[in-house]
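Chemist: Next come the chains, spelled out residue by residue.
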Amino acid sequence: MAKGIKEPADDDDYIDIDDTGPGDLKGADGGYAWEEEYKRSWDVIQEDASGSIQSIVLGINDQKRHRRVRDTEAIQRGIIRHVVLIIDQSENMNLRDLMPTRIQATLTMVTAFIGEYFDQNPISQLSVIATKDGLAEKLTDLSGNPMDHLGALKDKANKDLAGEPSLQNALELAMHTLKRAPTHGSREVVCVMGSLTTCDPGDIAQTLEALKASQVRVSMVHLAAEVHVFKRICRETGGVFYVAQNEDNMKDLLFENVPPPPIVSARATADMIQMGFPIKAGGVPTPCVCHHELGFVGYICPRCKSKVCSLPTDCDVCGLPLVSAPHLARSYHHLFPEENFKEVGGDSVDSACFGCGAVWAEPPNDTEPGGGRGKYRCPRCKHDYCLECDIFIHETLHNCPGCV
Amino acid sequence: MLLLPGESIKHTSETTCNKEDGSLYFTNKRLAWCKAGSPTPTVEVLHDHFSGQQVSKAETKKVMLRVTAAQPPGASGGAQASVTHTFTWKHADKDAAIADREKYVAELSVIMSKRSQGGATASGSSAAPSGHATSAATPGQSGESPSTATAAASASASGVPGSSTQSASEYVKVKIGAVPASAEEIKLRQDVLSKNAELAKLHKSLVVSGLVPEDEFWSTRKHILETQAIQSQLRKGESSTWLDLAPTTQESGNFKYTITPSVARRVFKEFPQVKRAYVENVPHRISEKQFWKSFVASQFFNRGRSAEAGKGGGRDAIFDKCTQEEDALFDNTSRHDLELLNNLLNLTRTEEDSVETGNAADFTMRPASKDSKLALIRRFNRHSELVLQSVLGNKRKPDVPSSVVTSQALESATVLNDLAVPEAEKRVKLNIQDKSRYFTSMTTDASNTRSTTDAHESQGGADPLVSARSTLKVSFDISRPLSDCGDVQATMASMLSSAHRQAMQRRPNRIQELHIPDDLSHAVAECHGAGTEMLRHLWALLRLPPTADRQTKAGKIVVAFDGVLKRIDETIAKARVAESKNANIATTVERMLQPITTSLRTGKQAYEHRRLVPAKSAA
Numbered sequence: 001m002a003k004g005i006k007e008p009a010d011d012d013d014y015i016d017i018d019d020t021g022p023g024d025l026k027g028a029d030g031g032y033a034w035e036e037e038y039k040r041s042w043d044v045i046q047e048d049a050s051g052s053i054q055s056i057v058l059g060i061n062d063q064k065r066h067r068r069v070r071d072t073e074a075i076q077r078g079i080i081r082h083v084v085l086i087i088d089q090s091e092n093m094n095l096r097d098l099m100p101t102r103i104q105a106t107l108t109m110v111t112a113f114i115g116e117y118f119d120q121n122p123i124s125q126l127s128v129i130a131t132k133d134g135l136a137e138k139l140t141d142l143s144g145n146p147m148d149h150l151g152a153l154k155d156k157a158n159k160d161l162a163g164e165p166s167l168q169n170a171l172e173l174a175m176h177t178l179k180r181a182p183t184h185g186s187r188e189v190v191c192v193m194g195s196l197t198t199c200d201p202g203d204i205a206q207t208l209e210a211l212k213a214s215q216v217r218v219s220m221v222h223l224a225a226e227v228h229v230f231k232r233i234c235r236e237t238g239g240v241f242y243v244a245q246n247e248d249n250m251k252d253l254l255f256e257n258v259p260p261p262p263i264v265s266a267r268a269t270a271d272m273i274q275m276g277f278p279i280k281a282g283g284v285p286t287p288c289v290c291h292h293e294l295g296f297v298g299y300i301c302p303r304c305k306s307k308v309c310s311l312p313t314d315c316d317v318c319g320l321p322l323v324s325a326p327h328l329a330r331s332y333h334h335l336f337p338e339e340n341f342k343e344v345g346g347d348s349v350d351s352a353c354f355g356c357g358a359v360w361a362e363p364p365n366d367t368e369p370g371g372g373r374g375k376y377r378c379p380r381c382k383h384d385y386c387l388e389c390d391i392f393i394h395e396t397l398h399n400c401p402g403c404v
Numbered sequence: 001m002l003l004l005p006g007e008s009i010k011h012t013s014e015t016t017c018n019k020e021d022g023s024l025y026f027t028n029k030r031l032a033w034c035k036a037g038s039p040t041p042t043v044e045v046l047h048d049h050f051s052g053q054q055v056s057k058a059e060t061k062k063v064m065l066r067v068t069a070a071q072p073p074g075a076s077g078g079a080q081a082s083v084t085h086t087f088t089w090k091h092a093d094k095d096a097a098i099a100d101r102e103k104y105v106a107e108l109s110v111i112m113s114k115r116s117q118g119g120a121t122a123s124g125s126s127a128a129p130s131g132h133a134t135s136a137a138t139p140g141q142s143g144e145s146p147s148t149a150t151a152a153a154s155a156s157a158s159g160v161p162g163s164s165t166q167s168a169s170e171y172v173k174v175k176i177g178a179v180p181a182s183a184e185e186i187k188l189r190q191d192v193l194s195k196n197a198e199l200a201k202l203h204k205s206l207v208v209s210g211l212v213p214e215d216e217f218w219s220t221r222k223h224i225l226e227t228q229a230i231q232s233q234l235r236k237g238e239s240s241t242w243l244d245l246a247p248t249t250q251e252s253g254n255f256k257y258t259i260t261p262s263v264a265r266r267v268f269k270e271f272p273q274v275k276r277a278y279v280e281n282v283p284h285r286i287s288e289k290q291f292w293k294s295f296v297a298s299q300f301f302n303r304g305r306s307a308e309a310g311k312g313g314g315r316d317a318i319f320d321k322c323t324q325e326e327d328a329l330f331d332n333t334s335r336h337d338l339e340l341l342n343n344l345l346n347l348t349r350t351e352e353d354s355v356e357t358g359n360a361a362d363f364t365m366r367p368a369s370k371d372s373k374l375a376l377i378r379r380f381n382r383h384s385e386l387v388l389q390s391v392l393g394n395k396r397k398p399d400v401p402s403s404v405v406t407s408q409a410l411e412s413a414t415v416l417n418d419l420a421v422p423e424a425e426k427r428v429k430l431n432i433q434d435k436s437r438y439f440t441s442m443t444t445d446a447s448n449t450r451s452t453t454d455a456h457e458s459q460g461g462a463d464p465l466v467s468a469r470s471t472l473k474v475s476f477d478i479s480r481p482l483s484d485c486g487d488v489q490a491t492m493a494s495m496l497s498s499a500h501r502q503a504m505q506r507r508p509n510r511i512q513e514l515h516i517p518d519d520l521s522h523a524v525a526e527c528h529g530a531g532t533e534m535l536r537h538l539w540a541l542l543r544l545p546p547t548a549d550r551q552t553k554a555g556k557i558v559v560a561f562d563g564v565l566k567r568i569d570e571t572i573a574k575a576r577v578a579e580s581k582n583a584n585i586a587t588t589v590e591r592m593l594q595p596i597t598t599s600l601r602t603g604k605q606a607y608e609h610r611r612l613v614p615a616k617s618a619a
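Top line first, the protein sequences correspond to chains C and S.
What the first sequence shows, in UniProt numbering, is residues 1 to 404, in sequence order.
What the second sequence shows, in UniProt numbering, is residues 1 to 619, in sequence order.
Be careful, since some hints might not be right.
[Claimed, not checked] As a list, the in silico BS3-like pairs of lysine-lysine whose alpha-carbon atoms are at most 27 Å apart:
(1) C/212 <-> S/236
(2) C/179 <-> S/236
(3) S/103 <-> C/280
(4) S/195 <-> C/154
(5) S/566 <-> S/553
(6) S/293 <-> S/269
(7) S/204 <-> S/556
(8) S/222 <-> S/19
(9) C/159 <-> S/236
(10) S/566 <-> S/204
(11) C/179 <-> C/212
(12) C/179 <-> S/195
(13) C/179 <-> S/222
(14) S/256 <-> S/269
(15) C/159 <-> S/201
(16) S/204 <-> S/256
(17) S/275 <-> S/289
(18) S/19 <-> S/29
(19) S/236 <-> S/201
(20) C/251 <-> C/280
(21) S/204 <-> S/62
(22) S/19 <-> S/35
(23) S/236 <-> S/103
(24) S/236 <-> C/231
(25) S/236 <-> S/204
(26) S/236 <-> S/293
(27) C/251 <-> C/231
(28) S/19 <-> S/103
(29) S/201 <-> C/154
(30) S/275 <-> S/204
(31) C/159 <-> S/195
(32) S/566 <-> S/556
(33) C/212 <-> S/604
(34) S/204 <-> S/222
(35) S/29 <-> S/10
(36) S/256 <-> S/222
Treat the hints as calculated values from the structure; they're not laboratory data.
Construct the entire structure; sequences and hints are all you get.
Modeler: In structure tokens form, the structure reads like this:
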């Protein structure tokens, strides 16, 4: 492992350390990413001709916030989702190639994923299964309340690592959980695995047939390498299989599962789904039917008139899904995605970004191509936005302020 | 052994109990053990008293069976204390001992399943420990031999084997919902309650206090029981990782190898020659410890690990023989029936091309250029073979040499999925009739709600906020003086008042401020709990298509509603006479119980409506 003073490559102004580009596994040291013990991130900063480092710093920040060009065709997507998250808790997760350990990085990402998932899919449900020592254990049942899942992940007892994972056991348990889900919702499994082996009691091909028959879509993010069996399962059930290169990459790949997946099969889609829109009630403390605890604020189910304490949820007494209008509105964004903005340079209509009002920065030198500091134009209202606003509009807001 | 009248011995074995030698007898009436030479049994367990059994794990050297029995009536004390007896088999051959023990285990399981079928009631505590013991026996059995585990598990795991396994699931279903509940189901219920604190609290308040019968409580929560059943039935497969026997360095500089029975088993699987050597040499010629010591030091073990380690080490009679055996095995090419080999992998095929040409000999198609790597390659191949065999079994179809099959085989070997152009998956287009309605309704609603909240909050009408909004829309330029931005004072005042109101609502101790006495709150909770539980049942029945059976059940539940309503009235009456700092305690309690009363009434209405509809459609 060579650890001398690094020379900058001739054709780059700054060296990639944190983001190794595609097809370029070797870091700046000449070694592989997993061979480096620590990253010398200070070597990236260099002064430019005028002695200022501001352009370099801005360039590094821009690299992190890359905008994703999305598919904006209006297609059918499963909005009511039932996702089972499978987490590998075997001994392989103790390795330190993702900082601080694989399992810590995974838990951080999964916590962020859960928050984002319920933010973008408020009427969907999630369940968490952990696998270790050849067996699988269900940590939380299918529910729409993110606090349940976050609490289970934080629970110390769930953090011991042991043995080998068992994908077959985890998938069987997941299938059993998803059987209870109604057919009008989509059934998905998202796995995060770090182990190259799986310790199964039987033939996993049979489990694969069962998954296909139940129309369960399995996706996986693997932390080490591509394993044929895992990839085959993901491919044949219609999911995606990725291998993460580093922490940022892992976050991106995991968050690919946040927007609802397109409906592929032509199975009988339900035309009408019964849902309840409860009214808020309050004033006197009354017990709720889900926890039997006294609470002031509650919602009255329109069918059985029992009080539930929070939305969205399924009524505990009569089973009716209860949502409020903002929840549905948040889910609809995925059906009407905002079009990708075109990058333009040169003059624009506005003197400043239409979203935040930041005055356009001068590009460092005119020969530099577009490079992250350009303007992004909405094709409908023809207003220009800066990179930050573009990302904000596409990922969080889902509506262009100029068009609305 | 002296037999009772009508008794016949089914099995007998030499075992030790309490460190004394003797023989174990299994008869049609009891399980008895006699000390060597004595005719009367020292330990006896009648079939009726027998309550549980446990077996030792496969990894331990001793083969043991532990039997739990209830104290026979008439013994001192009279309490239901249970007695355990442990029997150890002392056979030299472990497998024979295990086989022997299995006979007893099978017999005892049959007895227990017969007993649990014979109507163990839900409250029977004796049934519970027996259920516990059999499922403790199951992991012991399934740990031994995974191939026979399915048979053993299905015999002893479910006293009443449910419907046959589903098409792809390998798990035997425990029948849940049978009335009266089987022993396994009781065990499941206990497991679920111990794991789930909330459910345990609910269970305690509803069932233990007698409000709701136990079976009804679980009938709406079957899925929880099923999940627990599946989870507890998951079996552990065989480990498929590469066995890397790495030493730990101790302080004195010595290396320490840890060899547990599971490690030993995996070594035997990887190296069948070592297993044969072990069986031959231990324990007659050398001790086990010596065997492992020489194994670890031998060239046989080390040549695969690194080139340097392979060169060291002296000669060792046993393991050199292993090396020679292995080499002989691989040199003997005629051991494979060449017809069955896949032509693409058959290295001997290239020998046809390697005729004498006068050039240097062909050095391709030879496994390993350096001999030191050869052992590693062989070991790796053998490991992969074992992993695949454990899943696929020894299926080997003779290749039918038809052209279609061979071309398919060639295609699957040469066409790689990763190199193919990824095809876009078929997507279904979104079919919305009137897309514009989505956007228009959004904006009009937004402005409507905003105007109503304006009217609500700011006393000065909609003007201050509207003007503030309009200034924002044009451009956000704080260089302009604030007075131009509309009536800031009124906006701030309304914002502050609403914030104050929300903060007042959210204070945590508001419930305590109502000063509800404990017994009243307890009574309220009880009414609420009982009512909710019944409503759950009712709605579960109403949602299913109506049958006569369900109608009658629903009718019974509705009748039970009246009981709950009466209780509610009692509670309200009690509230009226209760003493409390809160003057309006009665109205407060009444309003607290309002939702449950409403929902009970709604449920009743739904039931009535349901009852009338089929009558109308029939008529």
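Chemist: Confirm or reject each hint.
Modeler: Tested hints:
1. Restraint check: the Cα-Cα separation between residue 212 of chain C and residue 236 of chain S comes to about 24 Å, which is no more than 27 Å; the hinted pair holds.
2. Note on residue 179 of chain C and residue 236 of chain S: the hinted pairing holds, with a Cα-Cα distance of about 23 Å set against a maximum of 27 Å.
3. As the CA atoms of residue 103 of chain S and residue 280 of chain C are separated by approximately 65 Å, the hinted pair breaks the 27 Å bound.
4. Proposed proximity of residue 195 of chain S and residue 154 of chain C is supported: the alpha carbons are some 17 Å apart, at most 27 Å.
5. For the suggested pair residue 566 of chain S and residue 553 of chain S, the alpha carbons sit about 21 Å apart, so the restraint of at most 27 Å is met.
6. Under the criterion of a C-alpha separation no larger than 27 Å, the hint pairing residue 293 of chain S with residue 269 of chain S is consistent with the structure, at around 19 Å.
7. A distance of roughly 24 Å separates the Cα atoms of residue 204 of chain S and residue 556 of chain S; the hinted pair therefore holds under the 27 Å criterion.
8. Distance hint between residue 222 of chain S and residue 19 of chain S is unfulfilled; the C-alpha atoms sit about 47 Å from each other, more than 27 Å.
9. In summary, the hint linking residue 159 of chain C to residue 236 of chain S is supported, as the alpha carbons are separated by about 20 Å, within the 27 Å threshold.
10. Straight-line distance between C-alpha atoms of residue 566 of chain S and residue 204 of chain S comes to about 22 Å, which keeps the hinted pair within the 27 Å bound.
11. Between residue 179 of chain C and residue 212 of chain C, the direct Cα distance comes to roughly 13 Å. Compliance with the 27 Å bound is thereby established for this hinted pair.
12. A C-alpha spacing of about 22 Å is found between residue 179 of chain C and residue 195 of chain S, which places the hinted pair at or below 27 Å, so the restraint holds.
13. Our distance criterion of 27 Å between C-alpha atoms is met by residue 179 of chain C and residue 222 of chain S, whose separation comes to about 13 Å.
14. Distance hint between residue 256 of chain S and residue 269 of chain S is fulfilled; the C-alpha atoms sit about 22 Å from each other, no more than 27 Å.
15. Straight-line distance between C-alpha atoms of residue 159 of chain C and residue 201 of chain S comes to about 26 Å, which keeps the hinted pair within the 27 Å bound.
16. For the proposed pair residue 204 of chain S and residue 256 of chain S, the alpha carbon gap of about 53 Å is over 27 Å, so the pair is violated.
17. A C-alpha spacing of about 15 Å is found between residue 275 of chain S and residue 289 of chain S, which places the hinted pair at or below 27 Å, so the restraint holds.
18. Straight-line distance between C-alpha atoms of residue 19 of chain S and residue 29 of chain S comes to about 25 Å, which keeps the hinted pair within the 27 Å bound.
19. Restraint check for residue 236 of chain S and residue 201 of chain S: not satisfied, since their Cα atoms lie roughly 33 Å apart, outside the 27 Å limit.
20. Between residue 251 of chain C and residue 280 of chain C the alpha-carbon distance is near 37 Å, which puts this suggested pair outside the 27 Å criterion.
21. For the suggested pair residue 204 of chain S and residue 62 of chain S, the alpha carbons sit about 43 Å apart, so the restraint of at most 27 Å is broken.
22. With a CA separation close to 10 Å, the supplied pair residue 19 of chain S and residue 35 of chain S stays within the 27 Å bound.
23. About 24 Å separates the Cα atoms of residue 236 of chain S and residue 103 of chain S, which keeps this hinted pair within 27 Å; it holds.
24. A hinted pair counts as satisfied when its Cα atoms are at most 27 Å apart, and residue 236 of chain S with residue 231 of chain C qualifies at roughly 23 Å.
25. Restraint check for residue 236 of chain S and residue 204 of chain S: the C-alpha separation of about 34 Å exceeds 27 Å, so the hint is violated.
26. At roughly 31 Å between alpha-carbon atoms, residue 236 of chain S and residue 293 of chain S are farther apart than 27 Å, so this suggested pair is violated.
27. Under the criterion of a C-alpha separation no larger than 27 Å, the hint pairing residue 251 of chain C with residue 231 of chain C is consistent with the structure, at around 19 Å.
28. A distance of roughly 22 Å separates the Cα atoms of residue 19 of chain S and residue 103 of chain S; the hinted pair therefore holds under the 27 Å criterion.
29. Between residue 201 of chain S and residue 154 of chain C the alpha-carbon distance is near 23 Å, which keeps this suggested pair within the 27 Å criterion.
30. For a cut-off of 27 Å, the pair hint linking residue 275 of chain S to residue 204 of chain S is broken: about 56 Å separates their Cα positions.
31. With a C-alpha separation of about 17 Å, the suggested pairing of residue 159 of chain C with residue 195 of chain S holds against the 27 Å cut-off.
32. About 16 Å separates the Cα atoms of residue 566 of chain S and residue 556 of chain S, which keeps this hinted pair within 27 Å; it holds.
33. Note on residue 212 of chain C and residue 604 of chain S: the hinted pairing is violated, with a Cα-Cα distance of about 43 Å set against a maximum of 27 Å.
34. Distance restraint check for residue 204 of chain S and residue 222 of chain S: the Cα-Cα separation of roughly 18 Å lies within the 27 Å cut-off, and the hinted pair is therefore satisfied.
35. Under the criterion of a C-alpha separation no larger than 27 Å, the hint pairing residue 29 of chain S with residue 10 of chain S is consistent with the structure, at around 10 Å.
36. Using a Cα cut-off of 27 Å, the hinted pair residue 256 of chain S and residue 222 of chain S is violated, with the two alpha carbons roughly 52 Å apart.
Hints 3, 8, 16, 19, 20, 21, 25, 26, 30, 33 and 36 from the list above are not met by this structure, while the remaining hints are.
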